[in-house]
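First to last, the sequence lines map onto chains A and B. Take 618 as the starting number for the first sequence in our numbering and just add one per residue. Take 193 as the starting number for the second sequence in our numbering and just add one per residue.
In short, the hints are calculated from the structure, not lab data. Hints may be right or wrong, so weigh each one.
[Stated by the list, open to error] Calculated lysine to aspartate or glutamate pairs in the DMTMM-like style (CA-CA distance at most 20 Å, straight line):
no. : chain 1 : residue 1 : chain 2 : residue 2
1   : B       : K275      : A       : E672
2   : B       : K347      : A       : E831
3   : A       : K762      : B       : D224
4   : A       : K851      : A       : E831
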Amino acid sequence: MISATDLRLTFGKGTPLENPALRGMSLTVNQGEFVTVIGSNGAGKSTFLNALAGETLVDSGTIVVDNVNVTKLPTHKRAGRVARVFQDPLAGTCEGLSIEENLSLAIKRGQFRGLGTAVKKQYMDKFRESLSSLNLGLENRLGDKMGLLSGGQRQAVSLLMASLTPSAILLLDEHTAALDPKTAAFVLELTTKIINEQKLTALMVTHSMKQALEVGTRTVMLHQGQVVFDIAGKDREGLEVKDLLELFEKQRGLTVDDDSLLLG
Amino acid sequence: MLSEIAFYGAVETGLIYGLVAFGIYLSFRVLDFPDLTVDGSFPLGAAVAAVLIMEGWNPWLATGSAVLAGMAAGAVTAILNVKLNILNLLASILTMIALYSINLRVMGRPNIALLGEETVLTPWYSLDIAYHQVPVLLFAIVIIVALILLWRFMKSETGLAMRATGANARMARAQGIATGAMIILGVAVSNGLVGLAGALFAQSQGAADVTMGVGVIVIGLASLIGGEAVITPSTVVRALIACVVGAIIYRLAIAFALNADFLGLQAQDLNLITAVLVTLAIVLPGVRTSLVNKLTRKKA
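Same shape as in the complex, but just chain B (with noise of 0.2 Å):
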């Protein structure tokens, strides 16, 4: 079974993804805009928070400045979308390869170890709480924070407004919603959510990678579907809390598969073992609505 630093390693990694999986909410869910900015946008967030942290900033200040790296990211990407009328998906490929070599540029090279260096976890270590629980402390407190606020600005004017142009564009445009900058609007907060994550992932990791991004789009989106399976996102609040969910289960899930000795599994399988969840988050979910149709039935 897990031992107890694997299972407090997968819940921390866990709370990283369920930022991500709220910027795939955000523009899969709310804005029905398929954005694979996210693989770039995570590393990008990593590199900018590892460089300034090196530059020694305060690394709270490093964090915040990767969000607003990735807010810039999702902005390119909705713009080409909305201004140059290129496809929303192709959009977000673009930006995601151009991010490529800027994360490069970023970094003057491929990977920077933040080892020994102060991260916005550094304080935290003094409290009196074992070592492994202290990242999974810190990033329960930011996810918190995260989830009020998305919550509260889906519930003002301007969120309601990003929902009804995902929901019905024409219907957006009628009310006189400016449409296209709520797509660049949303894109933009989606992908510094995602960056938001990367800076944390290289600080809770100790090093920023240019390949670090590759398949975090997958995991947010079995995160999402995996939520959404085990909780019913009627509303904006509990399709917060579903992402969150389904990130910290999609990561234990991962880890006991890992660990499980008599499946035999090791870890270059983990990208099998993501496509077959997400497939069975998507098919569980009907399964067991005919199940219960075929039980009921004889009663009608």
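Bound conformation, chain A alone (with noise of 0.2 Å):
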């Protein structure tokens, strides 16, 4: 379980750029939940989401992940407990080391690393399998580079990363947004199948109000650094872009003029 309350982070305080990113953002994820998260441009969705990851500290308010506060942590320290598939297929995996590197590398996340050898031979069964299930033929090019493979390709394995090792949350960062539509079907269709399969808990910002309404259990609204609606079970059921916009016209008494929210 994972939850954040009244978080507070001001850009540039003092300065005539003064960017208030987060105003009293609230939102408690459960145990084997998978919300979408949506919103306009700058309505705080990647600074909650570099929040929850560490990658950026708030200036008020608690992280709570698995009952451990987690507030002021940097990222490192919060790797165990929070996975993370970033925007930029590039940004997820190093392309100079091997897959099977990248991935030695991710099973050992947030756990101690020692002076034994890094690429194990008893990671390969399970790097294999796990690779087959993305029937792109990478189980068999284990000690190819990173850099050699598509960004969908690259995109996948990163997923797959998150995934090797449990973690009580999975922060999904944007990460069809830089894909071409076939390979973002694909890898969409992927964060799903691991998500249900392995039962994981996680959060996926995304810029598409269709894919936040096709994909997950709950999905949040999120407008000028807060929590504007958020629904889920019955209620989001059969639920259509239009009636999305319609609510939150309705409770903001705003009109929704980013395109691409209407558009995606």
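Using the hints, put the two standalone chains together into the complex.
Written as structure tokens, this is what we have:
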């Protein structure tokens, strides 16, 4: 379980460019939930995810992951509890290292690293098995450099790396946005498959309302650094993009003017 | 042409600079940390070893202490960068400048002669090989041991974490790697190797001098880049071998250039030759690729 309470964060405090990114954001994600997060540009989606991961520390508020207060912990000390896939397909893996080296890095996420050999023989069966589930033929290319793979393949491997070891929550930061439509669909399908099979708790930020309703068990919309609505279960079933927009306008008395939200 | 003694001399110095190239590979290539501390940690290693040998220490213990001193210098640079957020290049320049004073303090004077003292080389001279081959043999053993240890380290969990830190720090943090600690460890080990090189250099040359570090970074880089031009560094072990090969080729090229009378070069032209060699090493691989492309294009 992960719970964020009254998170506040202002970038460039005291400067003309002062930008309050989070203004009292609160959200609790229960074990096994798959939450999709939407919001227009500047709504605070990425900042919220970075705050959960530890990349940016909040000015005030608390973040509790599995009953541990992690608010002040840096990224690497949270990594055992928080797994992550980035938007940039090149960011989640090291292109200069081989596929097996990347996976070996991930299998020790959040654990002590000693002087023993990093790429162990006993990992190989597990690596081959998980790679073959991608149907990309990567199970026979364990020694290949990551840089030889396409963006979509690398994002698929990033996803696999994030799920190799258990975590309290999996953060997905618009991880299909930089891919072509066909590859994006493949990666999204893979995402739901992994999350369902391993019963992961996940938080997926997306730019597309359609995607936000199609996958997951709960949808949260952010606006100006706060949660404007939060729907799950029966209320969410059968909901369409136009219903979401109506809901948003009713709640805020605003109209959505961000085309990309409508088109996505 | 090169005399036999000049040849072995070049190989001997090349082997020592191979250790420097290891250090520079670790900082520049693995960690992507441009570290100029080496210009100070090389004479620091020499100074520490020379002073301790004069005090009557066992030469190997003195050499080990030089390694530790080099590591401490590297750690200072990395801490300035990681903890105090000083730009890496500037942090290393600060340490390098500070080390000039420290080296003078360590030695108590600008240079120390080790003539007649027992060094790591002394017992080896009783072997039944030519006098000028002794340092080559010993330093070859040292560098092979260093290469194997470094290679094993790079393949370890910590070593892999260090490589990830240099290649993609954000990803490394997300995997739970303390990237700051990795940078401190890596730059420390890098300068420990350079300190070792300095200690061995002082013992083979018979003196430590406060100015002997000037340009070590350029020679190390020349060895690294030159080696990479000859041996593609596609794996860690190839990259390490490239460092040694590059350093030896560099010293041989310098020796040939200085010995070739028709070129009319003299010792004071050393730095100019170094700059030309580094430029060639950077440019030539590109020329080779474009030449291959030109020659093969017609088939396509």
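Would you list, in rising numerical order, the hints stated earlier that this structure does not obey? As far as the earlier hints go, only 2 is violated by this structure.
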